[in-house]
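Fit the two chains together into the complex; they arrive one by one in their own frames, and the hints show the way.
Chains as they are written, first to last, in our numbering: chain A, 1 to 318; chain B, 1001 to 1406.
Don't read these hints as lab results, they were simulated from the structure. Ideal Cβ positions, reconstructed from N, Cα and C, are used throughout, including at glycine. A few of these clues could be false.
[Unchecked claim] Examples of chain B residues lying across from chain A (beta carbon under 8 angstroms, computed): (1) Ser1121; (2) Arg1123; (3) Lys1124; (4) Lys1125; (5) His1127; (6) Ser1130.
[To be verified] Which bits of chain A does chain B cover? Going by a derived footprint, with three or more residues having C-beta under 8 angstroms, they are: (7) 183-196; (8) 217-224.
[To be verified] With a straight-line cut-off of 25 angstroms between C-alpha atoms, the simulated SDA-like cross-links for lysine to any residue are: (9) Lys1085(B) with Gly193(A); (10) Lys1124(B) with Leu229(A); (11) Lys244(A) with Lys1085(B); (12) Lys210(A) with Arg1128(B).
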Amino acid sequence: AGEQNPAGGEAWVRATGMSSSTTSGQGDDAPGLVCVVDCVHGMVDALSCVRWNKHQGAVVELSEHGIVVTVEESGCLQAKVYLKTELFAEYDYGAEGRPRFGLSLGLLVDCLNMFTVPGFASPVEIRYPGPDMQLLLRSVGSPDACIHAEIRTRIPDTVAWDYHFEHAGNTPVTFTVKSAILKESIDDLEWPGSSIQIHFHPDPPSVIFKGEGHGDLEIEFSYYANTDLLIAFQCDQELSYRYKYKFLRATTSNVPSSVLKENRGSKVTIGRGGMLKIQHLVSVARLGTQSYHNFAGGAQQPSRIAFIEFFVKPEEED
Amino acid sequence: MELSMSGGALRTFSRCVTCLARIGSDLVFQAYPDKLELHTLNSSRSAFASVSLTRDFFDHFHLPADAYADAAPSSTPLQCSVLLKSVLAVLRTPTSAIDRLNASLPNPQASKLEFVIHCVSGRKKTHRISCSAESDVQTLALDRNGFPSRLAIRPRDLTRLLSNFQSSLQELTVIATEPAARLPGVDDGTGGKAVELLSYIDPTKDDYDSRLHTQLWIDPAEEFLEYEHAGDPVDVTFGVKELKAFLTFCEGCEVDILLFYQKAGEPVLLAPRFGFDDGSSSNFDVTLVLATMLVSQLNDGSVPQQPPTSAHHAEEPRAAAAAPSPVPENVSNHTRIWSELSGLTPKSFEANAENRAQKERNGRANVLNDTSVLPNTNAPCKLPVTYNANYIEQPVQMDHLEEPPG
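One chain only, chain B, in its complex shape (with noise of 0.2 angstroms):
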């Protein structure tokens, strides 16, 4: 495999290559005839992340002919495996200081990939990086049309909602409601705003009532540049870091965001926007799949003791970016049972930890079942191994919520 690439793709790859950097630690190379992907998987098995570049998307693309059986798209892509920290230290020389970066690797077999940098100075530097030919290489494939929900929003929009929640919370629930379901003049208490975006604590961790929990309500119509969803209300929770790395890449390409997504449990997708025809003329695109906790935030099933008072609110440690009025009592059921959640009093919030705790367990204990990954205390749902065809050829019934195991 031999490529070359400058200009305004180099700088694409380098953002490609540190988006991948926070995600993941091994970055897996396959190249085909007519494109070159990238894949790394986070080490909790719970992030995958992918790119994929078109040979228009290099200056200079040529992959051995007998590297093939057949010259068919499909077939057994020429791989290598390298350490993602060693090819961030390639790219250590700033992209305006290179006139052209090369790769290559001679053959299938070969140990090592090098990168040659021609600079603007005249010096040529050659990185040569160990790599190992996996052969388990794990890859996985969504496709965006099988998602009955998704959302659009700009990079600094999504910045801006996030910079609302502590900088150090590791994991983020949407909660997507029809939009047309909020009729005018219901005051639902929530002010019309049909997408809720919350704080996820880990309920069993020590300092549950010391972290800063917030909730942001949010009008779809407002905040996003696209809203669809149909149905009952659906909730998904997922890591936050490899959110922002897919935010800082977005927004280094100047492009938009788009997130697709199911019900708690099933993976979220995560895309560029390319204009309007979802990326069939740009030569790069990048997706990155996030498991989703498989404990639903919604149907939690307990109902509290006490209504709500604003006294109890004041009393929390808790930020509203939007519609900062107490909840008042006729609130739809989902949006209600949270807000209880995070308002209630030291006696019933014990009754609920415990309910949450059980439906952790057994959240867990669908994991081992279905797949063969060793649990990982509190993390969300693990991608499995390898992924079965279903999200790619039968639609989702989404007819109702699942009830939750116990």
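Only chain A is shown next, with the shape it has when bound in the complex (with noise of 0.2 angstroms):
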């Protein structure tokens, strides 16, 4: 897929100095993105969520629905943002096409926690392409000072692989269970480690994380245990895959605290082929405000949810 370039200059990383960014619209010839985050940390948090590594590139697709934020590790492990137009105080759309281009994760994410300054909850222009294809930010809201800051753009790596999930059968086999127990089962899973197995009954309806190493650890989700452990539970045939640990543990070690704090579920679901598919609810919320959303349904507001998917690629059975 061909993205258009309106600036009709190149990205590419350059260690020359940058030239100074515009300080409104003004000789902005070209239409791209601009918007407005009005809760910062939130997505601080949105983006940690898929943050494994200390250093990660990532590939941000912009368009008219919102945001879009891949990472992806080793062709066995993507991670994928969705930052939805509602969850912007303002986002004005001008591209053709969907513009794609690449950024360090990291530099992103610590670029923005510059603006969260404790006592100074200052909203942050995002703007899109700067002159140099760079992606510029600042501090809009307050009169007397402002922050600026350039995150230089390249092209993406073309993407060795697409995930393209699909379900397993006529019907989806999957479960939601609260994202703390989630986490720290993968977390009690450290122990036995290297491979772990997930397993899916239908009849008793149960799943069961094993691993096996100089000990083994089995984890049984069992759906009549107690009500409250698996929120919703489908599955028609039984399923068996494996996965290796550290894929397994980087889909959850990072999940923000206000997601175990809001008791909110993450869905897991293994797909055709055994391709596992976790996801997670971020809220962005405006500060001061919540917006509860769960997978059980009933939104009180119209969502300022961040939806995260990771997908895990299955070990090869010998």
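Pasting the structure below:
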């Protein structure tokens, strides 16, 4: 898919000094995206959720529906953060097609963090592209001071594989459990480590996570054990696949504490071929308000939720 | 073997395992018809900890009848040995999140010990830990009634006393004297305090001079719940790390600590003090046996060249938490000699260091003769591999302190 480069220039990572950014829309002859984030720490939480390594490259895709940030590792693990237009105080999209660019996820998160000075809740305007195809950020809302930032972007690597998630059978094989319990279970599985098997049983309905190492650990989520444990469960066939522990770990290791405190649920699905999909919900609420939306349904406000999706490829069966 | 526990018993079990894990690395399970015993021995073989849990401790306790030739309590137990850190991994789940914990060993030759945790959340976690059925499990049983001396102290009081010592202290000496010997009006410089706690620093180590040496004089009536000591002064030197592990355990279980002792070279025994009837009503018991240094710190024999002066004491880095006044000349022999050792000028220090090193070597020679255990350079006496029955059957004669060899 070709991406249009409205500014007509090239986007490379350069070592020389940057050109100064424009302070307003003047001189910006390239239609692109101008949006305003009013809850920066919520945005940071959502992006940090997919930050399992210190240095990760991300691909950012812009569209009229919102921003999608994709990160991946070794062709086996991929994560996407969906930031829909509803999360932004303003979202002004003028580009043709869907521009894609690459940048360092760590740099983006650390940069956004700079705008979250305690006690100084300033909205941030994000603008793309800048004169050199960079991502421009600046604090808005205060007449006295302004923080500016620019992040170099690059042409993203061609994606080696694009996940096309299909359900295993006629009905999805999936369960939903509290994010805190899923995270704790995956943390527990560090002890056996290495390779974890996930086994779905239709009858009696249960899911078993099993690891074997110098010791064995099996964690069983049984539908009838406790009405609160499995919030949802769907399974019409017996399924069993193995996944590398370190990839499984990445799916919950950076779940923000707001997710755990708000008692949100995470949804685990196994698709065709054993592809594992884990979904989390991170609230990007306006400061001082809470938006409530969970997999069981029932939104109190137009949702201010970022959707996070992890995809993990199964290990090859010998 | 199948057993199940929950609630307070589970918390106690968790504390027992935590305590044992601070002492040794292997945990030996021994299941008898009427109880379960857990043991560990530390790597330098100077500390042996044992936990005994009766049937009543558990919600469910089942042993297959055919595991025993007869049902007598003394028959060969069903046993296995696992790594303590594996058991700690099982107990990583907080006890508040656990509804009940089951443990099972299907048969004596089973290769894995299974723990099943039923969580409050509804999850079921099954841990299977590799175990080895060791044939030569060493156990140690000492009869606390065979010890002539004892003291009882609250954990928080012991914590407070120990806080006066350098936190990195490895060995502690306890000097116990008869409380009745301190007559009012006789100023022996210790203010009527019959017990002394001293930091033990290895004299052969290079940093002897730069380490903090600490002495505490204690009045048993003020600090201890019980104190029994008759006869000559006695000193025992043992490891602090294991003592602290036991202290933390007693603190958690809210019981006081009993210390039974005899003399230098003989092991000391620590046990929880349950009420007034010594644990007969408790469904669990923990004992810690610590080896003590063979060499007594008291009868060093050497007389210093000069009497102590306050100038000397000011030079040495020494902290005394009680009776801070300098030691006057008319003190009891034992206390004075020890104070001399720590308040020495360089010249007389060297002479005494040589003396002590000689005794250390003789001390180690004793260990080699008595047991087949390899000597560890600066360790206290090691517990013998097979402990003889003397301590259970014969009372120890305490007429006088043994003369040190050499």
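Was the hint right that lysine 1124(B) lines chain A, CB cutoff 8 angstroms?
holds (4 angstroms)
Using Cβ atoms only, decide whether lysine 1125(B) comes closer than 8 angstroms to chain A, and label the hint accordingly.
holds (5 angstroms)
Residue hint serine 1130(B), partner chain A, criterion CB-CB below 8 angstroms:
holds (6 angstroms)
Taking 25 angstroms as the top limit, are the C-alpha atoms of lysine 210(A) and arginine 1128(B) close enough?
holds (11 angstroms)
Check of the stretch 183-196 of chain A against chain B for coverage (Cβ-Cβ below 8 angstroms, three residues minimum)
holds (count 3)
Given the proposed pairing of lysine 244(A) with lysine 1085(B), does the C-alpha separation stay at or below 25 angstroms?
holds (24 angstroms)
Answer holds if the nearest beta-carbon of chain A is closer than 8 angstroms to that of serine 1121(B); otherwise answer violated.
holds (6 angstroms)
Within 25 angstroms, alpha carbon to alpha carbon, are lysine 1085(B) and glycine 193(A)?
Cα-Cα ~15 angstroms, so holds.
With a cut-off of 8 angstroms, does the beta carbon of histidine 1127(B) approach a beta carbon of chain A closely enough for the hint to hold?
holds (5 angstroms)
Verify this for me: three or more residues of the stretch 217-224 of chain A with a beta carbon less than 8 angstroms from a beta carbon of chain B.
n = 6 at 8 angstroms, threshold three: holds.
Checking hints one by one. Is arginine 1123(B) an interface residue toward chain A, by the C-beta closer than 8 angstroms rule?
At about 6 angstroms, which falls below the 8 angstroms cut-off, the nearest Cβ of chain A leaves the hint on arginine 1123(B) intact, so it holds.
Please verify whether lysine 1124(B) and leucine 229(A) have alpha carbons no more than 25 angstroms apart.
holds (11 angstroms)
The structure meets every hint from the earlier list without exception.
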